[in-house]
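Visitor: These are the residues of each chain, in order.
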Amino acid sequence: METTILTVNNVWMMICTALVFFMHLGFSFLEIGLTRRKNTVNILFKNFFVITIGLLLYAIGGFNLMYPGFEEGEGILKFAGFGISAPEGGMGFGYADGGYTWWTDFLFQGMFAATAATIVSGAVAGRIKLTSFMLFTIFYVGLVYPIVGAWKWGGGFLDQMGFYDFAGSTLVHSVGGWGALIGIYLLGARIGKFDENGNPRVIPGSNIPLAAAGVLILWLGWFGFNGGSVLSADPTLTSLTLVTTCLAAAAGGVASALFSYVMYKNYDLTMFMNGVLGGLVGITAGADQMSPTDAIIIGLIAGIIIVLGVAFIDKLKLDDPVGAVTVHLICGIWGTLAVGIFGEMAGIDQLIIQLKAILIVGLFCILCSFIIFYVIKVSIGLRVNKDHEIKGLDISEHDGMEAYAQ
Amino acid sequence: METTILTVNNVWMMICTALVFFMHLGFSFLEIGLTRRKNTVNILFKNFFVITIGLLLYAIGGFNLMYPGFEEGEGILKFAGFGISAPEGGMGFGYADGGYTWWTDFLFQGMFAATAATIVSGAVAGRIKLTSFMLFTIFYVGLVYPIVGAWKWGGGFLDQMGFYDFAGSTLVHSVGGWGALIGIYLLGARIGKFDENGNPRVIPGSNIPLAAAGVLILWLGWFGFNGGSVLSADPTLTSLTLVTTCLAAAAGGVASALFSYVMYKNYDLTMFMNGVLGGLVGITAGADQMSPTDAIIIGLIAGIIIVLGVAFIDKLKLDDPVGAVTVHLICGIWGTLAVGIFGEMAGIDQLIIQLKAILIVGLFCILCSFIIFYVIKVSIGLRVNKDHEIKGLDISEHDGMEAYAQ
Amino acid sequence: METTILTVNNVWMMICTALVFFMHLGFSFLEIGLTRRKNTVNILFKNFFVITIGLLLYAIGGFNLMYPGFEEGEGILKFAGFGISAPEGGMGFGYADGGYTWWTDFLFQGMFAATAATIVSGAVAGRIKLTSFMLFTIFYVGLVYPIVGAWKWGGGFLDQMGFYDFAGSTLVHSVGGWGALIGIYLLGARIGKFDENGNPRVIPGSNIPLAAAGVLILWLGWFGFNGGSVLSADPTLTSLTLVTTCLAAAAGGVASALFSYVMYKNYDLTMFMNGVLGGLVGITAGADQMSPTDAIIIGLIAGIIIVLGVAFIDKLKLDDPVGAVTVHLICGIWGTLAVGIFGEMAGIDQLIIQLKAILIVGLFCILCSFIIFYVIKVSIGLRVNKDHEIKGLDISEHDGMEAYAQ
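Chains as they are written, first to last, in the working numbering: chain A, 124 to 529; chain B, 124 to 529; chain C, 124 to 529.
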């Protein structure tokens, strides 16, 4: 390939990498915004841990685990030392298929890896022990995410059976979502979330402006998440992808806002925000395959799913403070199925393949996260004690550090 | 045109699109930061509505309304269905003149469209009914903005008479500013803004850090707003544009800070912030036509205009909580005139053309926004009742959702 | 050079410029987040002053002072008028060596210039007179920074003796750090920082979420700070630089978090955050010279330095509210030395050169900042009076403007 176009592709991929990195601020803001003030420092600590340890683990082993063929192929990526060896001669500077460097490839994929655990972080907020969460993160980001990723993006069996997941409705969002589901199931609800009759109570978020900022930052990050998943700067594919991404986000938000108004006679900002996220997760599996009209329909349905999903999770007596299961798991499933229903790949055969992959990934993630969480539960314990939970984790886990002191 | 340069242009335009999108976080932060806490959720809801419905309306019709010639030209953009039809064959992937895809063109312009209503949102904060604002937004973004845009950027009569407005001092900022002016005139001031003698009182902003962040985010977004208005990645034009944009912002801020210190013996951060924004709006019409020295002078004058303009609006007994009329309308007029005074196009003939266009756009926007607001006022009403206003719109319009709960 | 690759380089450099600009929001958030609420408006005012006056001063003279050879070479950059003359003919549009326009070069470097004073701003927060800080900024950004920069990046004697400082561990971060050190030495500690026995007390930060956001924004900005210092879009160098930058940040954060846990049995978020910044500063001098493994080791050591450095500064009875001296000066020195220890340039000769340059720059900055601060101290005074400090600078310096009103 000609040098200049390689340079352009690489520039685009680096920018997308930066945008996906920035999503970690979006997740942080969303999580602290939608939860109680007394757990703010704790949640931020978890977010810092996820992005930093996530990158390190991906360098040490995750990247090679996920893209196994590349070890021999180029000779530079070895599951030894820190995974990516030193730049000796020109070897470290080979180009990946899409026409950008291995370094860029590693960093872009590394930013994705950390996302999976971040999704779990929000769901388990306010009652999980910090050490327990950190242990879970190490195994989930270091092993589970790259193994599942290898099945499709690493050219594994899901790829060979024709499964399509453009930017990770299943491989990223559902993987995180399943972990979140098992986590909140094993942890139980926060004290006070359900009244004596089992009816859910609203535990208000402590900083709605930051939560809203988080959603807009995540939307911005999705320019890179989906746009970068083209793996080149191909003008038509990247720009179509951004159009479908933004229209699905817009449609998801409007649908959630209106549908929740119809249901509850209230202009609910949290629903609006989660609707935007639902639209984004929903379009992710097929963002390069859809027309703008398809994207709007996928987003509208995702928006309605958000409203119903949040009520459904409540019905199950599960406590998901930020709506992570609904946004990332249910809309992730919806988006993965949508590839078989809309766009250029639509067809019953494809739909069945998509369904199969959802089930396989789902079973694997349920199993893995159950084992990890369960072993932690019976060894060091999963949940802080009642007193600590009531006073807030910032006190018990962080020596009383206040999020908003005078 | 050669493929690689098309790819580069498209990458640049996509990045600028992302930056303009991000301005919606800037506007959100600025508005909630400079207004009272009790209306925070309401303002955020409005901002989410503007960006989401704005994009959808632009897809459904706005883009075709604004760029009418393109419907036939390329055959893909039809004022039917969702405006941009599905990608059939290669048709959807044609290139716009500047050398980037239609998809990119649509998305970049769509981000601009939503801006106009956002400007109004800040000015009418704290007393407008949510439903009324949403209705206004639909008409203003869906119809008024693209009609005015078509006159110049769509190749209409303002373009043919030689009017120059590089990135929208008039077409975006003044269009928003006129809507804001009519809105605050018809709504009246917030309770408590003027004392019994008609003297203005300061209603302090509730989150100055977020307001300041909003200004810096808007400045960042202006890299895309102006830089992308080159409509290609042409190195000299884009980089000159960024230099003039940043120098005008810097000069505007410093001028406002110093001039307000001279006037009021106070280092006023809000003036500093609005001075930066004034400089940005002021340079927007001619950012690609000015030398750095011109840019600094334009910014300095914009900064002084900000201080005088805010006092003038107060004098008129108009209540503009965020200074939107001064920043976007008055500095928008200033910037549009500056094209005839400074830079490569300076000249009395050009100045007269600029003035004419300001008047024409002004009359049209005043008329349209008056009609829209007036019809809303006499039908469903424009303003919340006194009790709701005092308690705050977060209670009356959003079921008591708190912005900053414990 | 071929036009297309020039365009690509220029696009990359403009994006990096935007990212470095955005670091000013990161610094603002970090500073207000880690200091007391009563000084918030004051700190934001200082940050706005630094970025605006910094750009203007760099246009008026700094750029030409720092890159003296360029004045004649191209004929467009003259130390007269506003430094960068108007675009006459094609002259203003020449290309700098790296293949991007002079405009881009000016703006990228201008964003760096403002950084030096911002580093000082955090350290002296809460007790410095606003006017005094503004005066210091004018001299430090307008003269000291470009003079030191000229020694290396302008091709001066440090460059000729073989000193290597890729993106400014010394030229930016240490320059700021020395100013911070002298500032806090001459100012003295905030009231209440040390008890009667001289033991340090924790003065808690007022907005940890914004501080955390500041760190993530700074990390994002470092994509541009280091990535842009390649001065072209060269795929291998830029992408390797981003990889080393991110791995050092991650390693720094993890090391600080764990080491401070070992030392103090507390999961300390502030240490985690400063560890990330320490890793970033540490890698900056050699980000294009290191393997990923080197980068991780450099980051780990930086993380440990942070924990020890903060304790050491306390021991010296110096009061540095945001840890600026530890992060920018000590880790800046570490990163500069690391070029002689790790990576492609490692060697005892290089190490000695690095050390020499550190000492020369250090002596010059100590001298300059001492003179500037001292002259201010004996003329208009450096520190606000006790009463103003206790009530907070937002009251005394900004007419009682509240950061977070109702």
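It should be emphasised that the hints constitute simulated quantities derived from the structure, not laboratory data. If you're wondering where the values come from, they're calculated on a predicted model, not measured in any experiment. Check the hints yourself; a few may be wrong.
Any copy, or any two copies together, can satisfy a pair, since identical chains are not distinguished.
To be verified - With a Cα cut of at most 25 Å, we get these calculated PhoX-like pairs of lysine-lysine:
1) K479 / K388
2) K500 / K479
3) K316 / K388
4) K500 / K316
5) K388 / K161
6) K316 / K479
7) K509 / K388
8) K509 / K479
9) K438 / K514
10) K388 / K500
11) K440 / K509
12) K440 / K500
Visitor: All hints, please: hold or fail.
Guide: For each hint, the structure was consulted:
In this assembly of identical chains, the alpha carbons of K479 and K388 never lie at most 25 Å apart, being 39 Å within a copy and 47 Å across copies at closest. In the homo-oligomer, the alpha carbons of K500 and K479 never lie at most 25 Å apart, since the shortest distance is 31 Å inside one protomer and 55 Å across protomers. Only within a single protomer do K316 and K388 lie at most 25 Å apart by alpha-carbon distance; the minimum there is 22 Å, versus 32 Å between protomers. For the identical chains of this complex, K500 and K316 are intra-copy neighbours only, at 21 Å inside a copy versus 42 Å across copies, given an alpha-carbon limit of 25 Å.
Only between protomers do K388 and K161 lie at most 25 Å apart by alpha-carbon distance; the minimum there is 20 Å, versus 31 Å within a single protomer. In this assembly of identical chains, the alpha carbons of K316 and K479 never lie at most 25 Å apart, being 35 Å within a copy and 62 Å across copies at closest. In the homo-oligomer, the alpha carbons of K509 and K388 lie at most 25 Å apart only across protomers (22 Å), although the nearest pairing inside one protomer, at 36 Å, exceeds that limit. With identical chains, the CA atoms of K509 and K479 are never at most 25 Å apart, being 41 Å at best within one copy and 58 Å at best between copies.
With identical chains, the CA atoms of K438 and K514 are never at most 25 Å apart, being 27 Å at best within one copy and 33 Å at best between copies. Proximity of K388 and K500 under a CA criterion of 25 Å is satisfied inter-copy only: 22 Å between copies versus 41 Å inside one chain copy. When the C-alpha separation of K440 and K509 is checked against a cutoff of 25 Å, the pair qualifies only within one copy, where the shortest distance is 19 Å, while the shortest distance between copies is 40 Å. Taking the shortest alpha-carbon separations for K440 and K500, only the intra-copy value of 20 Å comes in at or below 25 Å, while the best inter-copy value is 45 Å.
Of the numbered hints stated above, those contradicted by the structure are hints 1, 2, 6, 8 and 9, listed in ascending order.
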